[in-house]
Amino acid sequence: MKLSEIAKVIGAEFHAEDRDISAINSITDAKEDEISFISDKHLLKDLETTHAAAIIIDKNISKNLKQNTDHIFLEVDNAYWSMAVLTKYFFKHPKEEIYEEKNGIRVAQNVTIGKNSVVMPGVVIGKNVTIGENCIIYPNVVIYRDCKVGNDCIIHANSVIGSDGFGYATNKEGVHKKVYQNGNVILEDDVEIGSNTSIDRAVFGSTIVESGSKIDNLVHIAHNCIIGKRSIIAGQTGLAGSSKLGQNTVLGSQSGVAGHLEIAPFNQFAARTGITKSVKESGKVFAGFPFMEHRKWLKIQAKIAQLIK
Amino acid sequence: MKLSEIAKVIGAEFHAEDRDISAINSITDAKEDEISFISDKHLLKDLETTHAAAIIIDKNISKNLKQNTDHIFLEVDNAYWSMAVLTKYFFKHPKEEIYEEKNGIRVAQNVTIGKNSVVMPGVVIGKNVTIGENCIIYPNVVIYRDCKVGNDCIIHANSVIGSDGFGYATNKEGVHKKVYQNGNVILEDDVEIGSNTSIDRAVFGSTIVESGSKIDNLVHIAHNCIIGKRSIIAGQTGLAGSSKLGQNTVLGSQSGVAGHLEIAPFNQFAARTGITKSVKESGKVFAGFPFMEHRKWLKIQAKIAQLIK
Amino acid sequence: MKLSEIAKVIGAEFHAEDRDISAINSITDAKEDEISFISDKHLLKDLETTHAAAIIIDKNISKNLKQNTDHIFLEVDNAYWSMAVLTKYFFKHPKEEIYEEKNGIRVAQNVTIGKNSVVMPGVVIGKNVTIGENCIIYPNVVIYRDCKVGNDCIIHANSVIGSDGFGYATNKEGVHKKVYQNGNVILEDDVEIGSNTSIDRAVFGSTIVESGSKIDNLVHIAHNCIIGKRSIIAGQTGLAGSSKLGQNTVLGSQSGVAGHLEIAPFNQFAARTGITKSVKESGKVFAGFPFMEHRKWLKIQAKIAQLIK
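Chains as they are written, first to last, in our numbering: chain P, 26 to 334; chain C, 26 to 334; chain X, 26 to 334.
In isolation and in its complexed conformation, chain P is listed as follows (with noise of 0.2 Å):
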């Protein structure tokens, strides 16, 4: 899509020289034919280094900003508005899959199954997904287009892989106006995953379960995560979007993760924790919501217990 169609669908001006950009990336991942946005001031920071072809702008940030700057800026009201009606134009439409059925499979064009796995009947794979070697994917999965599952993978009946996360822009008027979810999900090698889990893919990038990572049914990944390796996700766990988990994390069942974390790697939270904040620290154990240490957790609990008496 041309910049100036880009500056055309958004409302805004454009008088810089005119290219083609491929694709719409966060300010940090973006590259030199992408475009990316700045809705919040404190990704201003971001400026110096990113490689974006232009910048989708709120007005009321871009005024505050000296005019030397190289970067091609499309000022506009919401940026983030625009940026979510761009991602439209640069939605791969299903109806440009086109399925093939065989035993059962529907697969789309362009994907790789390695050998010796097995793919059950019932499940269907989206345009250019690759899957590695000695997986099996049970009945009714879905792998949604350009995903991709690494090697001695199980993935677990009725589970999804490659859904929209959940991202919407709101106006003022309060009507939501859908981000499409252009990235993909990544599960590495040696990852199962239960029956009936969602795993969203990438608003851009990669949602991504590192290898020899386990989940558990009913478990909510949300688009943007990143799943350290050799996790474990009991049941009915779910996790906001953008959140990473550092190696050999044990989430407990019903476990919640807010967005936007960081857990650093080797920690362990018992069911039903509910994760707010980032956790810096290795080796501990937590519990609670909101969550704390899991000792102290008893403690305040027995507290509570005395309330009563």
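Just so you know, these hints were derived from the structure itself, not from any lab. As the structure is a computational prediction, the values presented were derived from the model and not from experiment. Just to be clear, a hint being listed does not mean it is correct.
Copies of the same chain are indistinguishable here, so a pair counts whether it falls within one copy or spans any two.
Derived DSBU-like pairs: lysine-lysine, alpha-carbon spacing no greater than 30 Å straight-line [to be verified]: (1) Lys117 / Lys173; (2) Lys202 / Lys140; (3) Lys321 / Lys197; (4) Lys302 / Lys328; (5) Lys117 / Lys56; (6) Lys140 / Lys113; (7) Lys309 / Lys203; (8) Lys173 / Lys56; (9) Lys152 / Lys127; (10) Lys305 / Lys202; (11) Lys127 / Lys173; (12) Lys117 / Lys140; (13) Lys202 / Lys309; (14) Lys140 / Lys152.
Since the structure of chain P is provided, determine the placement of chains C and X on it from the hints.
Just chains C and X now, with coordinates in the frame of chain P:
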């Protein structure tokens, strides 16, 4: 079904003029050719305005009624149980549905799919379902019979629209008698549903997701809920039966809403809020379980943290 | 598999008479042609009564055993890890299953479906599964091999019966070795399962849902649980492994049950109860996390609310 047959099925005496009954319905919503039931004396207040053709009623309740009513009563020991027994007679058994396959999509009789809508492989669409224009129905979604999907809707993989609400009558021996769920689900326009989400059909009438609402993965919406327009329901949240969310309600991840509540518009609930009462004010932020205003919850958590010092 | 081969696979010395081993099983349930394991000294008490043909045991535990036992021991550094290694040899790989399609239903070898049962399109039924009479299996349900469904059962769309329990042995490096789950799931008569629910197969033996029990949507039942007859499990509840619910247990929505618990019959647990200990009394109502009697929980909540005043 004839009223006389109904009386026979539930073991009630019947001496009135016979007539055809088309459905069971609640006392407030029953139409003139429908039968209803009173299993709770609080429902007696609705007797004056109901249009029900006849009313199944507990003997314990009816014995206190004045005789000068025009209603036809079918008196039984346990009206709720009798109603449950009767629902089976109005159940439209799936054996009546005949599916045809095209491109891996299975569609029963009398289904309408609007123009530009894309239905992907593995989707199963029951009898009488209508789907609007410009929709995307991702693989392996199941839409049960009689449900309606509006225009511009997206339903992600492996979600279920219209499974039975969770309703049983239980007798003294602890045996559960299924209340067949003969209603449907209506998704209005511009609704998005995540993956592995379940929206149950109404016992009578409709479970409704109003226009512009967005629902994340692994969400449970029970029978007869109404989700107000432009609401946001984050991952792994659950709503019990018959609750109504006002427009632009925001439910954080892993929240829960008890049954039969009414939530005023424009409220936000933090992740994991347990909503146990109706909310009459608007524009507030709530948290906790039992839930309270978010700032109050923060104070209480601080107090609890002090307990241990 | 020959006992001598097993010894070789797990690197144990073997000097006894060789014989065929048909399966791995727990020390209490092992039959005379099955092998078991002791990875915890608390299991030593079961040595007297076990029928196991041989026992894999930690060297640290076996060194304290008296020599005058009749048992055949295979001594290893980490019996649990060795057992995990061995489960793969007894795993029945899905590549052995050959599916045939009829009306959109995929059925493997040796499946029995009783009269008047309706199986809907997209359902996948593994090898050796039996389904009783008068059942409804809604679209896209997956029933893994060897599972049994009784008479008069209903399973709603996209639920999974028999996915693998979540079990791994973990070594000092934090690598997780899969414990292949070679048991099954048994649903007795008159059981209803909601949509998007997962019931995991047992590691050995059976996960059982007894007759007349009703399970809602998005429920997670882990391996080796036993759900007592006529129990009610509401939406988004999860049970960890090997817990047993007595008959007529009621679990409110979003409840959780820790592993290896025993709950006496006829107890009710409010929504979101976190059940962390076995319950010996009957006829009570519990709530909270940590859980307590419901009336006590209400008092504590009132006290906590006073804290802030």
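Structure-based check of each hint:
1. With identical chains, the CA atoms of lysine 117 and lysine 173 are at most 30 Å apart both within one copy (17 Å) and between copies (26 Å).
2. For the homomeric pair lysine 202 and lysine 140, the shortest alpha-carbon distance between copies (22 Å) is at most 30 Å, but the shortest distance inside one copy (42 Å) is not.
3. With identical chains, the CA atoms of lysine 321 and lysine 197 are at most 30 Å apart between copies only, with a shortest distance of 27 Å across copies and 43 Å within one.
4. In the homo-oligomer, the alpha carbons of lysine 302 and lysine 328 lie at most 30 Å apart both inside one protomer (24 Å) and across protomers (19 Å), since each shortest distance falls under that limit.
5. Proximity of lysine 117 and lysine 56 under a CA criterion of 30 Å is satisfied intra-copy only: 19 Å inside one chain copy versus 47 Å between copies.
6. Proximity of lysine 140 to lysine 113 under the C-alpha cut-off of 30 Å is restricted to the inter-copy arrangement: shortest distance 19 Å between copies versus 36 Å within a copy.
7. In this assembly of identical chains, lysine 309 and lysine 203 lie within 30 Å of each other by CA distance solely across copies; the values are 25 Å between and 39 Å within a copy.
8. With identical chains, the CA atoms of lysine 173 and lysine 56 are at most 30 Å apart within one copy only, with a shortest distance of 21 Å there and 43 Å across copies.
9. For a Cα distance limit of 30 Å, the shortest separation of lysine 152 from lysine 127 qualifies both inside one copy, at 16 Å, and across copies, at 19 Å.
10. Taking the shortest Cα distances, lysine 305 and lysine 202 sit within 30 Å of each other only across copies (28 Å), while inside one copy they are farther apart (35 Å).
11. For the homomeric pair lysine 127 and lysine 173, the shortest alpha-carbon distances inside one copy (21 Å) and between copies (28 Å) are both at most 30 Å.
12. In the homo-oligomer, the alpha carbons of lysine 117 and lysine 140 lie at most 30 Å apart both inside one protomer (29 Å) and across protomers (19 Å), since each shortest distance falls under that limit.
13. For a Cα distance limit of 30 Å, the shortest separation of lysine 202 from lysine 309 across copies, 23 Å, qualifies, whereas the shortest one inside one copy, 41 Å, does not.
14. Proximity of lysine 140 to lysine 152 under the C-alpha cut-off of 30 Å is found in both arrangements, the shortest distances being 19 Å within a copy and 23 Å between copies.
The structure shown violates none of the earlier numbered hints.
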